[in-house]
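Enquirer: Residues per chain are reported as follows:
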Amino acid sequence: MQFTIEVGRFNPEGRYAETAVPGEPFPAPWNASPVRRYQTYTVELPQHAVVLDALIAIREYQDPSLAVRCACRSAICGSCAMWINGHANLACKSKLETFTMDGKTRVESPPSMPIIRDLVCDMKPFWDKHLAVKPWLENKEPLPPPDEEYRVPNAAMEELIQEVSCISCSACLMDCESFAVNPDFLGPQALAQAYRYVGDPRDAKTKERLGELSKAGGIWDCTHCFECVQQCPKGVAPLEQILKLRKLAVDAGFTNNPGTRHADAFADSVKHSGRLNELTLMPKSTGLFNIVGQLKTLPSAINMARAGKLPPLIHKAIPGVERIKKIFQRVGGRFK
Amino acid sequence: MKVAFYPGCVSKGACPELYVSAKIIAEPLGLELHELESAPCTGAGVLSEQNRELADALNGLTLAMAEAQGAELMTICSTCQGVLSDHNYHLKKDEARRDKANATIADQGFRYSGTTTVKHLLWMLFEDIGIERVERAIKRKLTGLKIAPFYGCYILRPSEALGLRERPERKTYLNRLIELLGAEAVEYRGATKCCGFPMLTFNRDKALAMGGNHILEAKDKGADLLVTPCPLCHLNLDGQQPDAARVLKKDIGVPIFHLPQLLGLAFGFEPEQLRLNHHVVPTTGALEKVELKV
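Respectively, the protein sequence lines represent chains C and P. Sequential numbering of the first sequence, starting at 1, is according to this note's numbering. Sequential numbering of the second sequence, starting at 1001, is according to this note's numbering.
Take these hints with a grain of salt, some might be off.
Claimed, not checked - With a Cα cut of at most 27 Å, we get these calculated DSSO-like pairs of lysine-lysine:
1. Lys134/C x Lys205/C
2. Lys1141/P x Lys1221/P
3. Lys296/C x Lys1250/P
4. Lys244/C x Lys1092/P
5. Lys1023/P x Lys1146/P
6. Lys244/C x Lys1023/P
7. Lys316/C x Lys1023/P
8. Lys244/C x Lys1100/P
Said to hold, decoys possible - Cβ-Cβ distance ranges computed for the label pairs, FRET-style:
9. Pro299/C x Glu1035/P: 32 to 40 Å
10. Glu1095/P x Lys140/C: 33 to 41 Å
11. Glu208/C x Asp1094/P: 48 to 56 Å
12. Glu1095/P x Glu138/C: 23 to 31 Å
13. Asp128/C x Glu1032/P: 51 to 59 Å
14. Glu322/C x Glu1032/P: 26 to 34 Å
15. Ala216/C x Asp1220/P: 29 to 37 Å
16. Glu1169/P x Lys95/C: 15 to 23 Å
17. Glu1032/P x Arg202/C: 53 to 61 Å
18. Lys95/C x Lys1141/P: 33 to 41 Å
19. Ala216/C x Asp1251/P: 23 to 31 Å
20. Gly1114/P x Glu208/C: 53 to 61 Å
What the hints assert, rightly or not - Derived contacts from chain C toward chain P, CB cut-off under 8 Å, selection only:
21. Leu310
22. Leu313
23. Phe328
Hints are computed from structural coordinates only; laboratory data are not their basis. It should be emphasised that the depicted structure is a prediction, and the values quoted were computed from it without experimental measurement. Quick reminder that beta carbons are idealized off the backbone N, C-alpha and C, glycines included.
Kindly generate the complete structure, drawing on both the sequences and the hints.
Expert: Structure, rendered in structure tokens:
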């Protein structure tokens, strides 16, 4: 079968205009990137071939200058993650047939990471974040005697199977929407790994970890877009782990942040009226005594009020709101 | 066709133009809207994050109300669609979770047996109403307009609960609709990305940059306007646009239409009827292209 591949090639004269830099204005990632140009190849391969087969065939038989990073070719090593038709995927796991759109497959280095050459991006941002969450166990005292080991119940480890499945391919970070505008965000992979250690009964630093993760750049800087869940080739579902961390952090008492205030204000409004009160949600989440924060939201509020887009000043409850209150009370837990 | 209509909090709050325009276009589409007036908020994912059982019960209640009406549940908000789909998916599949939710809502005289279908208006156009009917309702082709689709995360991801595995074409409905109405759909990366709204209260400037970047990209590709099936995206992309422009130090000025507003225009309704004069970013420029004024 014949396949057409459009490959994003490195243009050495280009700049890294697409990568967010702390302190710099936010990047405009769609800019016809000066660091890449597209080159089209045609390859003859069997129907079941994957994108990586095509890239290797190009490199071996057509254009030895093409740079591509790969090793295991069987979705275990995680080295061939790249953008395929605009989303991160493992080239060795993506069938050409499935990924052919309008007669071709477009392959490129992800725009949110610096390019080294062609399809090889610089993984430094990824590993920096990974290391920042201290991805190792901090031993609980007392240590087991030298000839023994920690005993962990099976169920406790089953809870962590998803996170342990991570192969550090960075597909999630490559498509992370928050990371694209906020280089300080720890990102889906690092946070999923953070949960792997927070959730491990052998770890001694659970509370300290949750405290660190509640700070800026941590769990509350995720925008909840599900891109990481969608792109992960191993079913780690990083967003789900981030949400678990949010709950654990709130339960552990790390509540002095907009995230917790937002959730509490949201719940309070639904409990008492059955629906969301947009008028009070924003100020309550910002923190009623956070004057600077409140002032920042003021121009938008005025713009919206002028356009007639302010929610009704008197917030009306839905019919039968008593029912909703009873459900809140019956379920119990936070928000009761 | 009778549907259990779930308008969502935002269409009754900060985006009244969405509610009004959704009701207007129901008639030409042959939709009989039975509004679920006493259905609670979905929790927008915020409640389920801290208390899943509570969110299961609240959404179970809504699903049970639609079930009792014997009609499909129709949303007009990508976020409501995503959250209801997610809970529906789990409540249908996981009997223990459903039993638990039912035990909670049983006191209130409700029970969900797992038969409700949740569909966004956008999906209904293609799957239930049919494009022939939509075409017949068109009175004013939107020829000459370049429109950038903005789907909103929760109508696309996670694909499993949204039934996108079985119906991958759902990922293209907005593009197809734009073409069907006679306009040109702008291709750009931002179409399926996040508007930044969920992060607005946590990290304001970054959230504004996120949405602003997508609009600027569409503008770069020649878009006269963006259309979105999600009012939360609308809040960030329209309501906060002047602030996003300030953060990005760029001019933006691209109007954002709700899906029913765009349909309404094509069906021959006047811009005022669709409250297109009640946006933060003026819609005048885009409307002039189809020789309309507000």
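Enquirer: Are Glu1169/P and Lys95/C spaced within 15 to 23 Å by their CB atoms?
Expert: The hinted range 15 to 23 Å holds for Glu1169/P and Lys95/C, with Cβ atoms some 19 Å apart.
Enquirer: Does the Cβ-Cβ separation between Asp128/C and Glu1032/P fall within 51 to 59 Å?
Expert: holds (57 Å)
Enquirer: A range of 29 to 37 Å was offered for this pair. Does it hold for the Cβ distance of Ala216/C and Asp1220/P?
Expert: holds (31 Å)
Enquirer: Holds or violated: are the alpha carbons of Lys244/C and Lys1100/P at most 27 Å from each other?
Expert: holds (20 Å)
Enquirer: Check the following: the C-beta atoms of Pro299/C and Glu1035/P are separated by a distance inside 32 to 40 Å.
Expert: holds (34 Å)
Enquirer: Indicate whether the distance between the beta carbons of Lys95/C and Lys1141/P respects the range 33 to 41 Å.
Expert: Roughly 39 Å apart at Cβ, these two residues keep to the hinted range, so it holds.
Enquirer: Quick one, are Lys296/C and Lys1250/P close enough, alpha carbons at most 27 Å?
Expert: holds (18 Å)
Enquirer: At a threshold of 8 Å, is the proposed contact between Leu313/C and chain P supported by beta-carbon distances?
Expert: With a minimum Cβ separation of about 11 Å from chain P (threshold 8 Å), the hint on Leu313/C is violated.
Enquirer: Under the criterion that the straight-line Cα-Cα distance not exceed 27 Å, is the pair Lys1023/P, Lys1146/P satisfied?
Expert: holds (26 Å)
Enquirer: Could you see if the CB distance from Ala216/C to Asp1251/P stays within 23 to 31 Å?
Expert: Because 29 Å falls inside the window, the suggested range holds.
Enquirer: Starting from Lys244/C, check that the Cα of Lys1023/P is at most 27 Å away, please.
Expert: violated (39 Å)
Enquirer: Taking the Cβ atom of Glu1095/P and the Cβ atom of Glu138/C, is their distance within the range 23 to 31 Å?
Expert: violated (40 Å)
Hints 6, 11, 12, 20 and 22 from the list above are not met by this structure, while the remaining hints are.
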